[in-house]
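Chemist: Below are the chains, spelled out letter by letter.
Number of protein chains: 2
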Amino acid sequence: MDFITNEKLTIVGAAGMIGSNMAQTAIMMRLTNNICLYDVFSPEGVAEEMRQCGFDHVNITATTDPEVAFKDAKYVISSGGAPRKEGMTREDLLAGNAAVAKELGENIKKYCPDVKHVVIIFNPADITGLVTLLYSGLKPNQLSTLAALDSTRLQSALAKHFGIEQYKVRNCCTFGGHGEQMAVFASPVTIDGTPLLDIIGTGKTVNGIALSCEEWDAMKKAVTQGGAAIIKLRGRSSFQSPSYLSVEMIGAAMGGEEFKWPVGCYVASEKYHHIMMAMPSRLTNDGVYTKIVTGTDQEMADLDKSYGHLCALRDQVIAMGVLPAIDQWKSINPNL
Amino acid sequence: MDFITNEKLTIVGAAGMIGSNMAQTAIMMRLTNNICLYDVFSPEGVAEEMRQCGFDHVNITATTDPEVAFKDAKYVISSGGAPRKEGMTREDLLAGNAAVAKELGENIKKYCPDVKHVVIIFNPADITGLVTLLYSGLKPNQLSTLAALDSTRLQSALAKHFGIEQYKVRNCCTFGGHGEQMAVFASPVTIDGTPLLDIIGTGKTVNGIALSCEEWDAMKKAVTQGGAAIIKLRGRSSFQSPSYLSVEMIGAAMGGEEFKWPVGCYVASEKYHHIMMAMPSRLTNDGVYTKIVTGTDQEMADLDKSYGHLCALRDQVIAMGVLPAIDQWKSINPNL
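One line per chain: the protein sequences are A and B, in this order.
Residue numbers for the first sequence follow our numbering, so the first one is 929 and each next one is one higher.
Residue numbers for the second sequence follow our numbering, so the first one is 929 and each next one is one higher.
Some hints could be false.
In silico contact screen, one side only, chain A against chain B (beta carbon under 7 Å); selected entries [claimed, not checked]:
{"no.": "1", "residue": "Arg979"}
{"no.": "2", "residue": "Asp984"}
{"no.": "3", "residue": "His985"}
{"no.": "4", "residue": "Ile1158"}
{"no.": "5", "residue": "Gln1168"}
{"no.": "6", "residue": "Ser1169"}
Derived by calculation from the structure, the hints in this document are not laboratory data.
Predicted model only: the values in this text are computed from it and were never measured.
Cβ coordinates follow ideal geometry from the N, Cα and C atoms, glycine included.
Based on the sequences and whatever the hints tell you, model everything.
Modeler: Right, here's the structure in full:
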């Protein structure tokens, strides 16, 4: 019975749909034999279900006590915010979830300052990740947020359009915010080996199918609204895909397979700073590191716009008093 | 990207909580690259979530059309009944779900008579499995029902009682019905190597802990009401554990790892016949075969009682007109 690690993984929000799926996914991926389920509502029912799967060699505990949950945790994944309801944008969730993120950061600082990596997925994840990072005192490369779902949505949409298998669509990525202002990049993408930029609006085909500029614009828009589309189709917020991808992320941070999609990370470049957003990145057991982002002029302009949108969101949270002014961040977290 | 098979697996009830979990579980177990999601409500949202996990090399289709769903299916798992609500027993579901099972059997006969194995998990599974088997025309060893959940509940309860890791509790099994009249067998069980029968009511301890007759009786009762306990704890019917175990079953039928728990199967012995119930069994790519059941006098009496209860349930379904009288079964399914 091999596990990637035997260190403690704490799943926050474990009583919910995403958190309970994370528990099962983490066990099935054999990440660790030491899983603690934490929620403000008792996650004991989820723990019971996991035990009743008959998984061998896994110790699953459940608690509503943050001290028990976070003590000695080496890895944390949190879906522990309010879910998005039909008609809400990710940003609507801002107020409540920013406060939840602050408390999460404080719990990490208090009970598990030696945590190795934290993955945040509750929305707006760029902001809740930033708030958690600040109050946790962690280094920027120790915390990442889920952003991959936009990239996989793009991959799936392109595969469907061209009628090809999904894995033949490569290097899909969206950068910037995880909200509707994300920047969808075409330039890295290849469709069965052909660069997407050579296809859009050129009449060039793959599998006999072209992609007009209008179709591409509609697809980009659909990708940014992919979460709302799932709510319409399922009558509930997506939970399996965010869970699966975020568990893949923490697995990569444990030293498992490298994560193959962009992640949201703290950015401190000249152009983009004091923000978390999706970037070309690498997530391994060394944590998350960003790479230089390149794209067409339009893509870079879209990214600038997305960054501006995130800064405005961040400033809203500062105005709410949940985040202090930027010049005070270093006094709370010297790593920023 | 290895899969156990590339033959078509159809998941019935795929829009629901169990069915959608089955889809994810089957993909994560790498059972097949060919998965069809079927439900009377569109499972397209679930298919979208699966695609948005970014799984490589898996083709996921979704349909509400039984012909599309069952055509050429080689494996079928069905959770496609109504879920149990708080306060309902599994038997309360009888009427509606027996009719659903009849339709399922007819669809199998019509569209995929060459199916290799079918796993039924909607409750009361002993009855819905029997009805499906009759109308599908399949051989008894080609259809099994989920019964393992009772055994894993027993394993989990014993592990908790003795404060030991769950895998150290071995050979847990319940036989007979999957409802509250199941027979919980102590005689095969060992606790960290010590036979459970040597412990119950003897004062003998494992890990310093004894188990009185009263405690054992209470534990048996709790196991038979394990489903209701999950509903109380989670506020919803269990879905992760039945999904996980049933996908393990179909994986075993595909030639994957042998299933390690009892399954519900058609029984045609002198003593027990014209019934489906949990038996000591073997489930491999040869299908399901029963073994002889042995136990203490009390255990065998419990099993007789459980069998009697199932016969009464079956006769209720015959009285409802969903099943014909037993002497007509052979004319519908010559394999019975």
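Chemist: Next step is simple, just say for each hint if it's right about the structure.
Modeler: Results of checking the hints against the structure:
The criterion of a C-beta within 7 Å of any C-beta in chain B is met by arginine 979/A, whose closest approach is roughly 4 Å, and the hint holds. Annotation: interface hint on aspartate 984/A holds; nearest CB of chain B at approximately 4 Å, less than 7 Å. Among the interface hints, the one on histidine 985/A holds; its C-beta lies about 5 Å from the nearest C-beta in chain B, closer than the 7 Å criterion. Residue-level restraint check for isoleucine 1158/A holds (minimum Cβ-Cβ distance to chain B is 6 Å; threshold 7 Å).
Against a cut-off of 7 Å between C-beta atoms, the interface hint on glutamine 1168/A holds, since the closest Cβ of chain B lies about 5 Å away. For serine 1169/A, the suggested interface contact is upheld, since its CB lies about 4 Å from the closest CB of chain B, less than 7 Å.
The structure agrees with every numbered hint stated previously.
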